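Note that the protein sequences, when read in sequence, are chains A and B.
Just so it is clear: in the first sequence, position 278 is 278 by my numbering, and no numbers are missing.
If you want my numbering, it's the 1-based position in the second sequence plus 1000.
Subject to a maximum C-alpha distance of 25 Å in a straight line, what follows is the list of computed DMTMM-like cross-link-like pairs (lysine to aspartate or glutamate):
id, chain 1, residue 1, chain 2, residue 2
1, B, K1022, A, E480
2, B, K1022, A, D483
3, A, K102, B, D1084
4, B, K1022, A, D476
Chain A side only, calculated, beta carbon under 10 Å to chain B, not exhaustive:
id, residue
5, F84
6, A85
7, L90
8, A223
9, S227
10, M269
11, T284
12, R489
Label-pair distances were calculated between CB atoms; the ranges are:
id, chain 1, residue 1, chain 2, residue 2, range
13, A, D476, B, M1080, 27 to 33 Å
14, B, R1029, A, A463, 23 to 29 Å
15, B, S1083, A, F160, 52 to 58 Å
16, B, L1062, A, S479, 44 to 50 Å
17, B, A1035, A, S443, 30 to 36 Å
Hints are computed from structural coordinates only; laboratory data are not their basis.
No experiment lies behind these values; they were computed from the predicted model shown.
Where is the CB? At the ideal position from N, CA and C, for every residue including glycine.
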Amino acid sequence: MIAPGLIWAVISVFAAFGFVIAVRAVRTNSGTAGDYYIGGRDIGGMVAGLSYAATTYSAFMLVVLTGLTYRGGIGALGFELIYFAGLSLLVIFAPRFWLVGKRWGFISPAEMIGARYGSRGVARAMAVVSIVFLLPYCTTQMAGIGLLLSGVTGGRISIFQAVATGAALAMFWALLAGLRSVAWTDAAMSVVMFISGLLAVGFAVAALGGPAEFLGTLKTDHAKWLSVPGPSLWSLPTFIALSLPWFFFTLSNPQVSQRLFILRDFRAMRRMILWVMGFGFTFTLVAVIWGLAALQLAPDISNTSMATPALLSSGVIPTWVVLFLIVGILSAAISTLDSIALTVGAMIARDVVPSMEVHSDAQQIFSGRIVIVVVVLFASYFALEQAAIVDQLAALSAAGLLVSVPPIVGAFFWRRGTATGAMAAIIGGAFVAVWLAIFLKVSVFNPVLPFSVGGMSVVLFIAVSLFTKPRAKALDFQSEIADQLTYHRAW
Amino acid sequence: MTRYRLPNIPYAGGKTIYKIGKERQRRGRATWLAATAITVLAGVAVPYGMLTDSARIMAVPLFWLLFGVVVIILIVIGVMRWSDEA
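Working from the sequences, and respecting the hints, build out all of it.
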């Protein structure tokens, strides 16, 4: 077990470091809503890439994914790499998001979709549905912090104390300077996540006798974990059920797709994608190797979400590395949480509150800040209430957010798509997700859930669009940016 | 060959492009999309099909590592062709 005093000391240093970065970010903000929510569209490739990576690679990786590896083996690597392959969507969609964002001044993806179909109702529906399905995902970040700090101290840091700490940091960094403080602290935190993860895995593998010995023991004692379906969990239906919604994460999750508005230029866009790829591929391997190492160093854990805390308190990892990794996982959770809170704040301020577009920048920022506080408090409350269902909540949000994919794809590739079709896809798909998961208790490990949600959303979007007419004020993204795409040689 | 000037692109600097460029881009995009779709499908089908009963213990992990590398190559191909000029 780790002494709570040591953990509090390290978290204090971490918080002070983040405070300095966030305060510096405040000085560069100009006070406009665009500056607060998307950094004035002037963020460089490296910061954007690391911020994207820190946002998308959350506490899920070193808490849940390691648990899935521990329980089911190498299928976790395949699942996460299918998600990683979803980054290929950026090749097609990143230039389009950026060009239309620059052309019409969009701040949130919901605002963009609403303008495309000429309907504020569509923007509002997309924002509300995104918020409904993102909150469970926020909860998992908080739950991850709670499980980790409570687990490594044997409960001497309570889940409440851990969640309150995470909430305070996430709230502070998002409130202070908006996207700039979030992006800058995200970038710094991603470095902590990356280095601490590599170090921890290095020490874990070394404790097992080095890479050759680690692999040898794995092949001898846990051969099933190196194949699919493995010892349990990774049957083909389960693999598809989890992978399908995560493949579209890049488009479906507004806190991620909003990152495409913040970029300075095409050079920054390319660099961002390269940074995310490098980080993502390495971090995926780290998380899976960490789970396989836990299998050998801390066997017989019943709750696999506790694999990481068990490994950290097993005594084989030096204390300073344990502390560093705790900060790394805390970083992963907070960077995802504050990004979601900021994006939700932007969507409420721009898309949900009636006539907010006529409000001043200060009013839009103020309403967004209130939402950030509410979101973080909401996530904290549910983390305290339901910390045991971490896996299910994270995956359900991915399936539910699938409903925004057909309207987004249609916005750029199907002129015939209509506001009514987009609305039907979002509302109908969301209804199916809630009905199946909440009322019929269909598990997120069952492919019926994502196929029904995604399928219903696609069918409704196409069918209803064909029976209705595009609105007169709908924008034609395809024609408007066609020449720019050609000019920039973007597909 | 028809030539035209880019309309309403303030940061294009009035540069001239060819319509044939759009055709090439469409073909390139179709090829890239097909390659990416096949890769992603292979990422599921090969481990759960060909490699399920493989005698080689490391076959599935090594395949997925290769899969990750191919995805990286595809994305690099997609973004390295972008023109940065503004």
